[in-house]
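Enquirer: So you can see what is in the structure, the chains are spelled out below.
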Amino acid sequence: MSTFFGIEIGRRALMAQQRALETTSHNVANANTKGYSRQEAVLATTTPYSYPGMGAGQLGTGVEVQRMRRLRESFLDAQFRNESKALGRWEVRRDTLEKLEAILNEPGDDGLSKLMDRFFAAWQELAKNPEGEAARSVVRQEGIALAEAFNHLAGQLNDLSADLSTSVGVRVNEVNSLARQIRDLNAQIVKAESGNMAANDLRDRRDLLLDELAKVVPIQVEEDRYGAVSIVVRDHTLLSGQQVSELAFNPSTGKVTWPDGAELTVGEHPYGSLEGLLEARDSVVEDYKAQLDELAGYIAQAVNAQHEAGAGLDGSTGVSFFTGSAAGSLKVSDEIMGDLRKIAAAQNPAGNSPPGTVPPPPGDGSNALLIAQLKNGAWVDTDGDGTPETNVIFSDKYNSWVADLGVKGQEASRMVDNQELLTSQLDSRRQAVSGVSLDEEMTNMVRFQQAYNAAARVITAVDEMLDTLISRTGIAGR
Amino acid sequence: MRITNGMLSATFMQDLNRNLRGLAKYQHQLASGKRVSRPSDDPVAIVKSLRLRSDLGDIEQFVKNADHALSWLSTTDIALGQAGDILQRVNELAVQAANGTNPQQALDAIREEVGQLLEQLVQVANTSQAGQYIFAGTATKAKPFSLDPSTYTVSYAGNEAKRETEVGTNITIPYNVTGMEAFYYDKDAGKTIFTVVQNLYVHLKSGDTAAISDQDLADLNQAIDHLLAVRAEVGARVNRLELTKSRLDDANINFTDLLSKAEDMDVAQVIMELKNQENVYRAALATGARIIQPTLVDFLR
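Chains as they are written, first to last, in this note's numbering: chain R, 1 to 478; chain L, 1 to 301.
It should be emphasised that the hints constitute simulated quantities derived from the structure, not laboratory data.
All C-beta atoms in this analysis are idealised placements derived from N, C-alpha and C, irrespective of residue type, glycine included.
A few of these clues could be false.
Said to hold, decoys possible - Chain R regions said to be covered by chain L (calculated; three or more residues, Cβ under 8 Å): (1) 104-114; (2) 125-137; (3) 351-364; (4) 371-377; (5) 397-403; (6) 430-444.
Hey, can you work out the whole structure from these sequences and the hints?
Expert: Okay, structure coming up:
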């Protein structure tokens, strides 16, 4: 047992308290750093000294910083990521549905439902005034307006689809980039920790990246014993060891594929914003496009069938009012655009074959009335066999579509609210464990500072003791 | 549970945001006057409102149609009334002529007037409204009746088609009276109000007073009766249209009321809620200002 042992203990205490104080300083410095977990210098006694024959038992030898602990609950991380993958999907879905609502612009004075009403009302007017050009030109104008509204909606849905596709590409890049960053951090962490040093700050950064990744794709994270994580996305390994399997996005087909050629498809329960985007593009928007096309097709079919059966002022029959059967291609036919008299307001008169031999009486608006009445129900061919078999009310069909959109939008925004609440609750539980509390750090600061001061005093005391022993005891050697 | 400064500020921001969202919602409702402005606000109300808007549009159109039909029918009624008056005058003249004591000169004078009246009758039968000849069936662009000045015979160029308009969903009503219906009182025998007058004209010319008193007077009465019957029929149709119109007006009021219930907001309620939200927002800001700021740092030397 050395004479200077007291000084050694004091030195150890000074060093340990200083480390602890530095940790506090690090915590305070990172109080607002995203993803930072507070750290703690774990103090422990050094190995005690057994002094045989002293009878008093083991002699304490001071303190050391055993390790730097990172306060984090990996269970909460897993939960948080599990909820944020759902949040990622619902957010995309809500945004998409909100855009669709904006595109439809209902209820409004220039929405499709108003234009359909106005189109059929124009035929009512024509039925009353089939002689003149005025009512005919109104019918044509309303027809153009309706067709253009369909074209415009179809165009906007296509644009929305293209936007979503672009976002898919961006997300794919994000996934790849995150995976690469995580791979690099893996390497650094393994290297640092093989020297038995806790790579706390590197782990924080990796956890933050994993949080970000979890919002984009549903991930399963596994950490091996060297500290490296591997990531599995829906049975496909995204990251394993140093190997990143990068997703590829093909802008022309819009498909996302794994390196082995398998396509990333949307299952029954999409999770994460990437799958959410694919779902929105391939199922939500595509669905509405199909419904819009169907509605446009039905209107064109029903109006054309009735229109072709009637006769124009000049006796022309069999003229289509609309051409095109999809929302994007619907337009008023060239014959009607070229000649208002071709609008078949009248019934086809007997003996009018070939067309034009017996023009109908100019005051006959009965066919226009029949077309106007298609608003209340029209027989259309829904199964494509060429014969009409279903009575469709256009406005009902459209309204149910709007209602469907509304219900889905409502659900999506409610789900986003729920998931936001859940994730924020989980995050606050994480923060309860990992967050930096300034009050706590200040308390620790005072604690460590005082301990440091006290240790210094101990050294002073030992120093004075030695001084007494060396300088003032006896006079031998002077 | 440990509470950290980060948690406090994060929760505070979240709550504040939620309050602001609430404020924005009520503000939007008040500014737009609508409770629902997007389908997802209230899908049920939106569908109702779309349906009602469409129904209101229909009603508006039906009212227009009914007005159109009414104006046709009233023109028709006036024309039939005029035709009746003319026939009445012809009848007076015929009674006067039937008296066998009239010299041919007097008969010629009467004939002159009857000829004038016949022309007038044809004019009435060619009444038009907004460029449409109302007694022409659907051949509305050409005069339906023409008078041959040499023989004083009248021919009909119109057809027997009905003009119809919709005054209720799938309820159509014919609103024209064809020249046949109006002026042919015995179609099989080819007897029209014109042939009656024409016959009288011929009999006056030949001085055949016996035929006038035997046949023409009876025919005239029949023709006048026929016109009255047609007018009664027109009147009945006008009644029906008036009824339909008042029903449409009622429906219009009801549907407008329902529409307002479906999509308009209750101002008093929304303002109350806005006030509540405002209070919460103020309270949140006040507590935020107290809690977020101080830490132990402020109290250490």
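Enquirer: Hint by hint, say whether it matches the structure.
Expert: We went through each hint and held it up to the structure:
Coverage of the stretch 104-114 of chain R by chain L holds. Counting CB-CB distances below 8 Å, 5 residues qualify, and the rule asks for three or more. With 6 residues carrying a beta carbon less than 8 Å from a beta carbon of chain L, the stretch 125-137 of chain R meets the three-residue requirement, and the given coverage holds. Under a criterion of three residues with beta carbons nearer than 8 Å to beta carbons of chain L, the stated coverage of the stretch 351-364 of chain R is upheld, 5 such residues being counted. Only when three residues or more bring their CB closer than 8 Å to a CB of chain L does the claim for the stretch 371-377 of chain R stand; here the count is 4, and the claim holds.
Under the rule that three or more residues need a Cβ within less than 8 Å of chain L, the assignment of the stretch 397-403 of chain R holds, with 5 such residues. Under a criterion of three residues with beta carbons nearer than 8 Å to beta carbons of chain L, the stated coverage of the stretch 430-444 of chain R is upheld, 11 such residues being counted.
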